[in-house]
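Fit chains B, C and D to the supplied structure of chain A, relying on the hints for placement.
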Amino acid sequence: MKQKQTATVRSQRQLAAQIFDMWIETELAGEAAPGQFICLYPKDKSTLLPRPISICEINEERTALRIVYRITGKGTTEFSVYKQGDTVSVLGNLGNGFPVAKGKEKRVFLIGGGIGIPPMLQLAKELQAQKQIVLGYRSNELFLHNDLERYGQVYVATEDGSAGTKGNVMDAIRENGLDADVIFACGPMPMLRAIKRYAEEKKIPAYISLEEHMACGVGACLGCVVKTKEVDHHSNVHNARICTDGPVFEAGEVEI
Amino acid sequence: MKQKQTATVRSQRQLAAQIFDMWIETELAGEAAPGQFICLYPKDKSTLLPRPISICEINEERTALRIVYRITGKGTTEFSVYKQGDTVSVLGNLGNGFPVAKGKEKRVFLIGGGIGIPPMLQLAKELQAQKQIVLGYRSNELFLHNDLERYGQVYVATEDGSAGTKGNVMDAIRENGLDADVIFACGPMPMLRAIKRYAEEKKIPAYISLEEHMACGVGACLGCVVKTKEVDHHSNVHNARICTDGPVFEAGEVEI
Amino acid sequence: MNLKTTIAGVTLQNPVMTASGTFGSGMEYSEFVDLNRLGAVVTKGVANVPWQGNPTPRVAEVYGGMLNAIGLQNPGIDVLMERDIPFLRQYNTKIIVNVCGKTVEDYIEVVEKLGDEPAVALLEINVSCPNVKEGAIAFGQKADALYNITSELKKHARQPLIMKLSPNVTDITEMAKAAEAAGADALSLINTLTGMKIDVHKRKFAIANKTGGMSGPAIKPIAVRMVYQTAQAVKLPIIGMGGIANAEDAIEFILAGASAVSIGAMNFVNPYSTIEIVKGIEDYMKKYKVENFSDLIGAVEG
Amino acid sequence: MNLKTTIAGVTLQNPVMTASGTFGSGMEYSEFVDLNRLGAVVTKGVANVPWQGNPTPRVAEVYGGMLNAIGLQNPGIDVLMERDIPFLRQYNTKIIVNVCGKTVEDYIEVVEKLGDEPAVALLEINVSCPNVKEGAIAFGQKADALYNITSELKKHARQPLIMKLSPNVTDITEMAKAAEAAGADALSLINTLTGMKIDVHKRKFAIANKTGGMSGPAIKPIAVRMVYQTAQAVKLPIIGMGGIANAEDAIEFILAGASAVSIGAMNFVNPYSTIEIVKGIEDYMKKYKVENFSDLIGAVEG
Chain A
257 MKQKQTATVR SQRQLAAQIF DMWIETELAG EAAPGQFICL YPKDKSTLLP
307 RPISICEINE ERTALRIVYR ITGKGTTEFS VYKQGDTVSV LGNLGNGFPV
357 AKGKEKRVFL IGGGIGIPPM LQLAKELQAQ KQIVLGYRSN ELFLHNDLER
407 YGQVYVATED GSAGTKGNVM DAIRENGLDA DVIFACGPMP MLRAIKRYAE
457 EKKIPAYISL EEHMACGVGA CLGCVVKTKE VDHHSNVHNA RICTDGPVFE
507 AGEVEI
Chain B
257 MKQKQTATVR SQRQLAAQIF DMWIETELAG EAAPGQFICL YPKDKSTLLP
307 RPISICEINE ERTALRIVYR ITGKGTTEFS VYKQGDTVSV LGNLGNGFPV
357 AKGKEKRVFL IGGGIGIPPM LQLAKELQAQ KQIVLGYRSN ELFLHNDLER
407 YGQVYVATED GSAGTKGNVM DAIRENGLDA DVIFACGPMP MLRAIKRYAE
457 EKKIPAYISL EEHMACGVGA CLGCVVKTKE VDHHSNVHNA RICTDGPVFE
507 AGEVEI
Chain C
1139 MNLKTTIAGV TLQNPVMTAS GTFGSGMEYS EFVDLNRLGA VVTKGVANVP
1189 WQGNPTPRVA EVYGGMLNAI GLQNPGIDVL MERDIPFLRQ YNTKIIVNVC
1239 GKTVEDYIEV VEKLGDEPAV ALLEINVSCP NVKEGAIAFG QKADALYNIT
1289 SELKKHARQP LIMKLSPNVT DITEMAKAAE AAGADALSLI NTLTGMKIDV
1339 HKRKFAIANK TGGMSGPAIK PIAVRMVYQT AQAVKLPIIG MGGIANAEDA
1389 IEFILAGASA VSIGAMNFVN PYSTIEIVKG IEDYMKKYKV ENFSDLIGAV
1439 EG
Chain D
1139 MNLKTTIAGV TLQNPVMTAS GTFGSGMEYS EFVDLNRLGA VVTKGVANVP
1189 WQGNPTPRVA EVYGGMLNAI GLQNPGIDVL MERDIPFLRQ YNTKIIVNVC
1239 GKTVEDYIEV VEKLGDEPAV ALLEINVSCP NVKEGAIAFG QKADALYNIT
1289 SELKKHARQP LIMKLSPNVT DITEMAKAAE AAGADALSLI NTLTGMKIDV
1339 HKRKFAIANK TGGMSGPAIK PIAVRMVYQT AQAVKLPIIG MGGIANAEDA
1389 IEFILAGASA VSIGAMNFVN PYSTIEIVKG IEDYMKKYKV ENFSDLIGAV
1439 EG
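Taken in sequence, the protein lines are chains A, B, C and D.
If you're matching positions, the first sequence starts at 257 in our numbering and goes up one per residue.
If you're matching positions, the second sequence starts at 257 in our numbering and goes up one per residue.
If you're matching positions, the third sequence starts at 1139 in our numbering and goes up one per residue.
If you're matching positions, the fourth sequence starts at 1139 in our numbering and goes up one per residue.
Isolated chain A (complex conformation) (with noise of 0.2 Å):
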């Protein structure tokens, strides 16, 4: 169930420039699943509306939950100056999450761009799959790709070429001869399209998460949708939630 409380800060770190890793306490770790997202409330009352961030991982107790985010604003600067023992509101467990079935005993690609890697980290952890773990960032500062070697193979992708192949992660799929019957991706637009692109070529599902300015987050403000190739269900326009229906969709049902 849905439910907004208070949670307490347990530890926060810096991963790269403008990426922090903070783990919170929350009731909410007991029914997280990997793919869904929690919304953070900032104290500063110039602010209005929660900050949506995915969740990266949860512990193995079931009694925190882990968030990477990059410092977008005056929220997530307020955010990344929290200590531990600090508190912070938070709504969730918002979303759909990963179908994670749908990848069971299959040859998949995680695939995680930029900002968009932390939710795969728990999907990683889940997921009883042959796991490739395709990963974009902008330069040689990389973060989580340690936590996910772990849990399968991890190939870098860095526009300026200084660590892994030179180019995106589709580039270093290509350059690594690499093959799956099953995605699972989350990351910018750009590189969502072409995986939609690859993903019908190849004729394999891929799941994609989505990204929106929210205003509600629980499906009501109709503020996050995206458009369907079909007439949605709930909208009965070719309109989908992303906070509700998704963020999490099947890359065809979606127009991006």
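Treat the hints as calculated values from the structure; they're not laboratory data.
Since we're looking at a predicted model, the values are computed, not measured.
Hints may contain errors.
[What the hints assert, rightly or not] Across the chosen pairs, the derived CB separations fall in these ranges:
| hint | chain 1 | residue 1 | chain 2 | residue 2 | range |
| --- | --- | --- | --- | --- | --- |
| 1 | D | ASN1384 | C | ASN1384 | 47 to 55 Å |
| 2 | B | GLN340 | C | ASN1384 | 29 to 37 Å |
| 3 | A | GLU382 | D | ASN1430 | 50 to 58 Å |
| 4 | D | LYS1342 | B | GLY286 | 35 to 43 Å |
| 5 | B | GLU509 | D | ALA1437 | 50 to 58 Å |
| 6 | C | GLU1386 | A | GLU283 | 40 to 48 Å |
| 7 | A | SER345 | B | LYS299 | 12 to 20 Å |
| 8 | C | GLY1321 | D | ASN1384 | 47 to 55 Å |
| 9 | C | PRO1193 | D | TYR1426 | 46 to 54 Å |
| 10 | A | ALA289 | C | PRO1193 | 28 to 36 Å |
[Said to hold, decoys possible] Residues from chain A that keep clear of chain B, each with C-beta distances beyond 10 Å, as calculated:
| hint | residue |
| --- | --- |
| 11 | LYS260 |
| 12 | ILE275 |
| 13 | GLY286 |
| 14 | ASP300 |
| 15 | SER302 |
| 16 | THR303 |
| 17 | GLY329 |
| 18 | VAL344 |
| 19 | ASN352 |
| 20 | SER395 |
| 21 | PHE399 |
| 22 | GLY417 |
| 23 | MET426 |
| 24 | ARG453 |
| 25 | GLU457 |
Beta carbons are placed, not taken as given, at the ideal position from N, Cα and C, and that holds for glycine.
Same frame as chain A, now just chains B, C and D:
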């Protein structure tokens, strides 16, 4: 010279219900005078305006200011939880202050009502005169009376009669058969009106410190005016600025 | 202690309702709040046919508020009546349906269909929709257009009509009087104020539609002023809204002359807002020994 | 790097000025900021005779902003010219005098007296003053009234006229076009939005005048929208204002179409705001390699 700067909280304690006592370290202490005030800026982004608070005391070294204030809203509630080492933006020193020289070697009344009592402390310290200090409270939750006893004879009045004279400060003056050549006062408007009448009857000067909602605190916005008997030199109308021409006025100059 | 309040002959168990478009049809927030404890649920604006709405981004944050340009995306009246009304019927709260359209005929079609649904207590007419016939100007920004659509809809409506007024006008009382003269049963205000945000680093508009409707605590003083002016100008009951975040905000509108209040953007900030505000109004009435809620309506002094 | 900007033929060394009524005549804030570093100082509104203004309380705080109802207290044009203009003349900044009145004749008297003072570069006309002849309605809320006063004043003014527009209108572009058609040389917007605050514990209005003009960061999105709409509708240079708290806010107005900006309520929050914003605009231009400030005016995409 007026300036806005960051001060550091040296200590804070509660004196009575809703009444707090805070020492802040600030260069402003160097030039501060009794009856002047400073403006504190809350960190809460939903608030905008500075909170004017009278100077209660200046330490010997003139490195810190003491303010004693009542919780009246969001801003003062925020101030009340500040701990040693916290910082706060302050604007000062503001206002004209009490004309200390006018009381020299005279029989003076120092009259404080409620949250108008604090400025009487620094005044009592600097004033060389025969000081009769008359303090009005709601109930026997007294504050600052001990500090003030060190500088003169203290007479107390309480609305509920639970301490000193039952009634207001004027009742205490009558009951104790007190007399003076000059009055310095700060407190609620009804008290100041009574003092104005009393001073007129006795034909003695009364220097009263006024309060009003302020925006700029430096005389620019004309938010905090008081009606004047004569045309004011600056405004060219029958209004003086409490923040800069005051807060202290000779009772005869103002229409209250 | 009596929290009941009456709008156009319909008695609500308490004066707290939801603002159209911020609460869906109640389903999403029923996970957080017991809908039985709300005075009324106002559904998201519905048209005669489904509307696709605007492209994204549709929302942006501003200082103490937000902008939205959803474009009145809605599933159409048929889906609302088949799916949403039956859901809301399960709860002990009043159902108010917000109606939008591009032409008077659109509105009439929706209003007539809702006439067959006794579970719907009141209709709220959103006159801030784009008006095809009058170009970009909304019905709600011209007194004569507002008068015409109100009197037209009164001919076809079985339920009492609440006209929801736009604050983007020179004189709110002129609009209120036009609605009253045309037979409106109640007024709700304010709808959102038109605002804009530009990302100075991208040098782009923050929302795809360029302009969006502003809501949140930042607009409250403008809303309170308009509610007060309107209460002085007309006899109709007023539903006040605009940045209400807590019980004190709600009471501010009530003292200004509102008979009920709607909670909008703050549902997004705190999904429990509505019921916390009901509780807060009770506490206020206890503290100041107010026996009947109605004694607070318009009770500001001077 | 060139920060210069031109308003009606007058070139300012940078685009940052003060908003009328928030900076007195510069004297009070000269203790905090070097007036030589401002693009212009806009003085508090002045009438033909001294005005007593409203009773107190005159100001109140609201979420992210404030309300004021000073009532245009001012010492009258003679004192301004004998005391304040000579003070400002000492500094290397442009002097803009804001003019108010209750009748067109009042305005004309002030405008003619200022015509003899070459140190005054521009006149800003406050058309949000109460209009005795037209009852409570201000000149600035009716297009025809705005057209009339603008064309009347153009006949008597030696300096270029900036008409300061009220945001309390249905369509800001209608007002802007009326001012342009009447010969205005520039526009400044927005003036304050009319708001209200009620103390729910005292059940009284927070300010004696009941309503007050709202300013501060809370109103910025409405101001940016109106500046953009106005820039699309007229060719006149625009001075943008409304809740500007930092350089990014200022640039938002400039990208929307403003040629200069005014800092108002934020002077009260941070007396150093104006010069910090000048510095911040320089930093922005450096960061994005903008050689001429004028390249930023109206440069929002799409």
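Hint check:
no.: 1; hint: D:ASN1384 <-> C:ASN1384: 47 to 55 Å; verdict: violated (28 Å)
no.: 2; hint: B:GLN340 <-> C:ASN1384: 29 to 37 Å; verdict: holds (32 Å)
no.: 3; hint: A:GLU382 <-> D:ASN1430: 50 to 58 Å; verdict: holds (56 Å)
no.: 4; hint: D:LYS1342 <-> B:GLY286: 35 to 43 Å; verdict: holds (41 Å)
no.: 5; hint: B:GLU509 <-> D:ALA1437: 50 to 58 Å; verdict: holds (55 Å)
no.: 6; hint: C:GLU1386 <-> A:GLU283: 40 to 48 Å; verdict: violated (31 Å)
no.: 7; hint: A:SER345 <-> B:LYS299: 12 to 20 Å; verdict: holds (18 Å)
no.: 8; hint: C:GLY1321 <-> D:ASN1384: 47 to 55 Å; verdict: holds (49 Å)
no.: 9; hint: C:PRO1193 <-> D:TYR1426: 46 to 54 Å; verdict: violated (27 Å)
no.: 10; hint: A:ALA289 <-> C:PRO1193: 28 to 36 Å; verdict: holds (30 Å)
no.: 11; hint: LYS260; verdict: holds (20 Å)
no.: 12; hint: ILE275; verdict: holds (26 Å)
no.: 13; hint: GLY286; verdict: holds (33 Å)
no.: 14; hint: ASP300; verdict: violated (5 Å)
no.: 15; hint: SER302; verdict: violated (4 Å)
no.: 16; hint: THR303; verdict: violated (8 Å)
no.: 17; hint: GLY329; verdict: holds (14 Å)
no.: 18; hint: VAL344; verdict: holds (17 Å)
no.: 19; hint: ASN352; verdict: holds (35 Å)
no.: 20; hint: SER395; verdict: holds (34 Å)
no.: 21; hint: PHE399; verdict: holds (31 Å)
no.: 22; hint: GLY417; verdict: holds (43 Å)
no.: 23; hint: MET426; verdict: holds (43 Å)
no.: 24; hint: ARG453; verdict: holds (45 Å)
no.: 25; hint: GLU457; verdict: holds (50 Å)
Consistency with the previously given hints fails for numbers 1, 6, 9, 14, 15, 16, ordered from lowest to highest.
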